[in-house]
Amino acid sequence: MSDQSQHGHSSSLTSYFAVWIALLAGTALTVVAAHINLGPFNAAVALIIATTKALLVALFFMHLKGASEKLLKLVVISTIAFLFILLVLSMADYGTRSWS
Amino acid sequence: MPDSSTALQTPTHGHADDPALLHHFAEPEQQRNAASLGMWIFLATEVMFFGGLFCAYLIYRLKYFGEFAAASQTLNWQLGTTNTAVLICSSLTVVLAIYGAQRSKRALMIGSLVLTIILGFAFLGIKADEYAEKFEKHHVPGPSFQFAEKIPGHPDQMADPNHAQIYFSLYFVMTGLHALHMIIGIGLFVWLLVAAVKRRFTPHYYTPLEMGGLYWHFVDIVWIYLFPLLYLIDLRK
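Protein chains in written order, with the numbering used here: chain A, 1 to 100; chain B, 1001 to 1237.
Note that these hints are calculated values from the structure, not bench results.
Glycine included, each C-beta is placed from N, C-alpha and C at the ideal position.
Hints are all accurate, no fakes.
Below, a sample of chain A positions facing chain B; criterion: calculated Cβ distance under 7 angstroms: (1) 24; (2) 30; (3) 34; (4) 46; (5) 50; (6) 69; (7) 72; (8) 79; (9) 86; (10) 94.
Just the calculated beta-carbon pair ranges, DEER-fashion: (11) B:1018 x A:91: 48 to 54 angstroms; (12) A:38 x B:1142: 32 to 38 angstroms; (13) A:15 x B:1079: 26 to 32 angstroms; (14) A:35 x B:1107: 40 to 46 angstroms; (15) B:1158 x A:66: 49 to 55 angstroms; (16) A:66 x B:1160: 49 to 55 angstroms; (17) A:66 x B:1126: 31 to 37 angstroms; (18) A:47 x B:1187: 30 to 36 angstroms; (19) A:12 x B:1018: 23 to 29 angstroms.
Use the sequences and the hints to build the structure in full.
Written out as structure tokens, the structure reads:
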């Protein structure tokens, strides 16, 4: 009960190194993708790769995967939700101001 | 960050069988969950803090895309890529330090903490080199700002220096704030290293390492977004 390693810390060295390799590969991929002309999709591809990398860090390095406390989940999910409100609603405004 | 430094000292009252357990917590798990929740709430405020800057960036990038692309291409994406790799490696050494603490592998824990600090300084060194280049090129916003580049994909059109200056203002505020977080992070890890050397962490108690790690990974995630947004705009054109 008092041993921290007994709850939610089943992460092995193998998974840490796999995530590390994936993060480095993602970095290489985003640089390669930036040098290919995808038109308007360049930004989307860059953001998708960045979000995938951020998720890998959060889930495996920050141990969100396997976290059981409901309060912690509430904090994380509401953080993302409020960030989306900030970004999406702001862009819904500025992005549609074709007159200015 | 919750005040975990007091947890490192042996309390004069409380749980005699577990010196790391503060007297107002019933059990170690409760204490650890409280620390973790506090850290994540702090990170939530950090997300909104950087979120405002990302929002400003998105609005101006949408408005002055040509200038943002032209200004972005004056950056050295090779150095940016190197710094991204440096931060990713430092995130790995952070999890290795915690892994070492969990399994009483003292050499792994201390070695990883030292590596994390070295990688942190490497990141700041590369960043300082990039900043120096901005000063040489007069790309620092202010009275001496100069920008005479063409808009990528439009060889006959010069970029508006005022709009490019907005890009560089955002560049310096966002990377500067990130660098400030790195400096604080390095300070935290020096403190964690000292605590580790003093044998304050055991497989039963290493919460400060975990909380410091959460902070370091968050700073890494911020850079993961900053890198493509600042360095890699429209490179093809």
